[in-house]
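Each protein sequence line maps, in turn, to chains A and B.
The first sequence runs 1 to 209 under the working numbering.
The second sequence runs 1 to 209 under the working numbering.
These aren't lab readings, by the way, just hints derived from the structure by calculation.
All figures in this text were calculated on a predicted structure; none of them were measured in a lab.
No false leads were mixed into what you were given.
Taking CB as the label site, the calculated pair distances span:
#	chain 1	residue 1	chain 2	residue 2	range
1	B	P108	A	D66	18 to 26 Å
2	B	E192	A	E204	34 to 42 Å
3	B	W65	A	E109	12 to 20 Å
4	A	E5	B	G53	31 to 39 Å
5	A	E99	B	P91	43 to 51 Å
Glycine is no exception: its CB is placed at the ideal position from the N, C-alpha and C atoms.
Protein chains: 2
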Amino acid sequence: MEYNEVIHKRRAINFFDPERDIDTQTLNKIIEDAALTPSSFNLQPWNLMVLRGKEEKEKLKALAWDQPKVAEAPVVLIVLADRNGWQEGHPTVEKNWEEMVATGAMKPEQRDWFLGAAKSLYNWNSEADLAFAAKNTGFFGMSLMYAATAYGLESHPMDGFDHEGVRKAFNIPDNYWIPLLLAVGHRKPDLELHPPKWRKTVDEIVVSF
Amino acid sequence: MEYNEVIHKRRAINFFDPERDIDTQTLNKIIEDAALTPSSFNLQPWNLMVLRGKEEKEKLKALAWDQPKVAEAPVVLIVLADRNGWQEGHPTVEKNWEEMVATGAMKPEQRDWFLGAAKSLYNWNSEADLAFAAKNTGFFGMSLMYAATAYGLESHPMDGFDHEGVRKAFNIPDNYWIPLLLAVGHRKPDLELHPPKWRKTVDEIVVSF
Numbered sequence: 001m002e003y004n005e006v007i008h009k010r011r012a013i014n015f016f017d018p019e020r021d022i023d024t025q026t027l028n029k030i031i032e033d034a035a036l037t038p039s040s041f042n043l044q045p046w047n048l049m050v051l052r053g054k055e056e057k058e059k060l061k062a063l064a065w066d067q068p069k070v071a072e073a074p075v076v077l078i079v080l081a082d083r084n085g086w087q088e089g090h091p092t093v094e095k096n097w098e099e100m101v102a103t104g105a106m107k108p109e110q111r112d113w114f115l116g117a118a119k120s121l122y123n124w125n126s127e128a129d130l131a132f133a134a135k136n137t138g139f140f141g142m143s144l145m146y147a148a149t150a151y152g153l154e155s156h157p158m159d160g161f162d163h164e165g166v167r168k169a170f171n172i173p174d175n176y177w178i179p180l181l182l183a184v185g186h187r188k189p190d191l192e193l194h195p196p197k198w199r200k201t202v203d204e205i206v207v208s209f
Numbered sequence: 001m002e003y004n005e006v007i008h009k010r011r012a013i014n015f016f017d018p019e020r021d022i023d024t025q026t027l028n029k030i031i032e033d034a035a036l037t038p039s040s041f042n043l044q045p046w047n048l049m050v051l052r053g054k055e056e057k058e059k060l061k062a063l064a065w066d067q068p069k070v071a072e073a074p075v076v077l078i079v080l081a082d083r084n085g086w087q088e089g090h091p092t093v094e095k096n097w098e099e100m101v102a103t104g105a106m107k108p109e110q111r112d113w114f115l116g117a118a119k120s121l122y123n124w125n126s127e128a129d130l131a132f133a134a135k136n137t138g139f140f141g142m143s144l145m146y147a148a149t150a151y152g153l154e155s156h157p158m159d160g161f162d163h164e165g166v167r168k169a170f171n172i173p174d175n176y177w178i179p180l181l182l183a184v185g186h187r188k189p190d191l192e193l194h195p196p197k198w199r200k201t202v203d204e205i206v207v208s209f
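Only chain A is shown next, with the shape it has when bound in the complex:
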């Protein structure tokens, strides 16, 4: 699909067809495409929980303002942002380090520099790790939405949910923030979409101080 078509076709859909599933192969392709997303130091501090079962979607729906789409979409992703994704010993950090050394991007003696740089950027105040996790996972979430559109599917990013309730109900460890839930599926048949919502103009986006 043309990029220009993707960005205009992508809409936050409220009503999914509960009769149409997404096969695992398609879902995996969406995730693989989104995995190309860039991230700080290539640390990729994102994970996904994939909810497909009726019971688990109903459990999530009850914690997400009872929005019907949480149960109706065939797949709901709990998108996770890993606040620890910059720390020494974290599997992704260590894999990154090994790859950088293997490709010659870094020399073994630069390990302290690498770990120190990540620490100085993502641990300089008590909120920096959250900003790191949420920003990068925001990149990834946007890529997931475009990928879903490119595969002919619809999506809806949600943050109308009880953050701590979802954490507890799904045993999500404390290192994760939950920036969004993402419903993915097919549009309900004959659904008529409202016109796109207004967007800020370039003049409203660009600021100077």
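Given chain A, put chain B in place with the hints provided.
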């Protein structure tokens, strides 16, 4: 350009051609495309500072680990995430409210519900407003990168910079977090790219607890 080409062509480029500028029309198209990005309650809590002048780019470079690309790219965007972007009285919040009432999406008597919902989601703890701002601005930042690629340009998202130093040097108000700087321009001629860095597999991304 095909979506599939965009996601593979998008690479974080370290060396830009300082001789090739980007015209304002193209830059505005990139921003307009990215403005289609979805956001929580359509609150669009993002802004951009556009740096083009040699002096201001050098000032930023000195605060960004002296990375040559900050000066070499014709355009460097300071991407801003507005932590206040959910509050009553904020221009975007009020414009959203007016539009929702005008289109019939909300009734005037639902104002308290709307404001209360935003407050309950983005003010439930002292970090929620940062997560809100960084996540949504992450969506927007990713869209900016894809749009740049689609217009034949290169980009590089950076967070190797002194956050508070940049804030002070550019008079950026406290309500903004700075999730990234984004260099945009043309690739330096004859630049050879390294192979793409490794990415997590689907199995490494999908988790369950």
